[in-house]
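Trainee: Put chain Y on the given structure of chain S with help from the hints.
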Amino acid sequence: MNTPSSASAASLPPLVVSDRLAKKALRHFKERFIEMLLFGAASVSVLTTVGIIWVLVSESYHFFETVPLWSFLTDTMWTPLFADPHYGILPLLAGTLTTSLVALIVAIPLGTTIAIYLSEFARPAVREIVKPFLELLGGIPTIVYGYFALTVVIPMLQLLIPGLSGFNMLGAGIVMGIAIIPYVSSLAEDAMRAVPMNMREGSYAMGGTKLQTALRVVMPAALSGILSAYILGISRAVGETMIVAVAAGMQPNFTLNPLESAQTISAYIVQVALGDLPHGSIGYQSIFAAGLSLMLMTLSLNLVGHVLRRRYREAY
Amino acid sequence: MNSADIPVIRKIIQRNKRWDLIFAIAGFLALLLGVLTFLALFVQMAYTGWERLTPEFFTNFPSRRAAQAGILSAWVGSLLVMLVTALSAVPLGVAAGIYLEEYASKNLVTDIIEINVTNLAGVPSIVYGLLALGVFVYGFGFGQSILSAGLTLGLLILPVVIVATREAIRSIPLHIREAAYGLGATRWQVTRDHIVPYSLPGILTGVIIGMSRAIGETAPIITIGALTFIAFLPASPVGPEFPWLSFEWLKSGFTVMPIQMFNWTSRPEEAFQQNAAAAGFILVLMTLAMNATAIWIRYHVRKDIKW
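Chains S and Y, in that order, are what the protein sequence lines are.
Here the first sequence is numbered in UniProt numbering, starting from 1 and rising by one per residue.
Here the second sequence is numbered in UniProt numbering, starting from 1 and rising by one per residue.
Just so you know, these hints were derived from the structure itself, not from any lab.
Check each hint, because a few of them may be wrong.
Said to hold, decoys possible - If you anchor each label on the Cβ, the simulated ranges turn out as follows:
id	chain 1	residue 1	chain 2	residue 2	range
1	S	Ala194	Y	Phe58	45 to 51 Å
2	Y	Ser171	S	Met77	39 to 45 Å
3	Y	Leu32	S	Ser58	47 to 53 Å
Heads up, the beta-carbon is just placed ideally off N, CA and C, and yes, glycines get one too.
Chain S on its own, in the form it takes in the complex (with noise of 0.2 Å):
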């Protein structure tokens, strides 16, 4: 726009379209380049899903051409690492589970308890600074929780039940349960503030109090973002790690007491990879199929939480 006056408006050139408007075929190739390469990004997480099967599956099935599959579900014994090496997973499954187990007598109560206590009692200035703090704990690394399972827990058991074993798998599972208390709680918080406003005003006009709106109105409504936090628990504390690596103990021990010690399966990964094991042997490929059995047991915990938000999702 740079016509000086309006004199010479009369005597304007042709109309021409700004040359910058026209169809430009290196901008439409560059639209497209970026799209392609945004879409490139995008899957590389599905890559990383198949890669994680492939792995997985490939180096098992080596694994199961030694070990008869048969064998592996069924043997008491796990002593890869023995000159007479018995591969049955159930005592380290049993780990995983009795540990699994404790964490989640400890983490469902409390996270319900902080949820429905965050979502319904507490003034909006004390959820406010408590949620941070809640999120902070659950940041903490865990391999911090292990060594706090190690020096301060399991002392103050032993102090309790006296001839405890150093390692356990009861103080190991305290502590996961501790640990992963802000996963449940802040989902199943979630939940139930999603709940519309209507319906405690509804319970609170029948004369309901607190306590009663949340267990009989509000928490009912939310069950299935509830049970979806609970689901997410129990897979955060089958797959935990460190903590268990730390605290409860490396010796497989098919037992289902928590005061014993135990390996898991996660455990005994980290306890083949501190080793030194050549790439290729039996034992490289028994962490994989200790892998395949975690991953198994993780996704299907992880399909029925997706089952049950679909499933019992309430319309409002």
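Mentor: Frame of chain S; chain Y shown alone:
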């Protein structure tokens, strides 16, 4: 209703109110337990490790003598691994987030990617270690190096970055986009000039939280076979000769803070437990500082932005 019922009703109300109070106290105690655990953990490590927190602790290599051992190789290793992690996860995660929010049409491929990101967030970290062992260490031949570890942690926090990016982008109101498109901007111009700048604080928060998770991850790095006793530093990234930058350090062996702490924790001697406490204290301080920054950014953005 006759008047004799009123005391009965009052009693019921009082009983119910008492339960309210009892639960409120229980909830408060549960919270307190969480907060107290955190404080106990922090104070215990600070108290136990206090003597070891000298300047030499940061400038010494690990040693067989606990009193002379330090975390030099560990914090340098953590720093370099985090660098690789950030350089891999941030561009990939942000780009993937942008694609899913701004570009992707609603079709099967998009659905697969979305479900996949959700699922990856639930995969145990040790499984990422196995993936890296099979693919990075042996498949690509990167060995047990800083590069392998950084890429592993990059993949591990990718879902965190993607989800944070998507949430930040989703909070930008539609009319911003419409205004830009109305002026003839292309999709990439809208993205580059509006979407990315406006969602930057949200993305940053997600990246910091992801990094604070990555810096404390131990299991996947042990799985790829990081050594626990490293008494040397990786080659310097800056060299005296042309081209002044060297990438030798990527292939170097390494250790990181959580592994150093694990190593000291698993020794029976009391003196090494002190070192573990000191290292743990530093590690927690690092993650706390990162999380606090993220919370601070989020708080300020929520307060300042008004669309």
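Trainee: All hints, please: hold or fail.
Mentor: Now the hints, each set against the structure:
One distance hint, 45 to 51 Å for the beta-carbon pair S:Ala194 and Y:Phe58, holds here, with the actual separation near 46 Å. For Y:Ser171 paired with S:Met77, a C-beta distance near 55 Å fails the hint of 39 to 45 Å. One distance hint, 47 to 53 Å for the beta-carbon pair Y:Leu32 and S:Ser58, holds here, with the actual separation near 49 Å.
Going down the numbered hints, you'll see the structure goes against just number 2.
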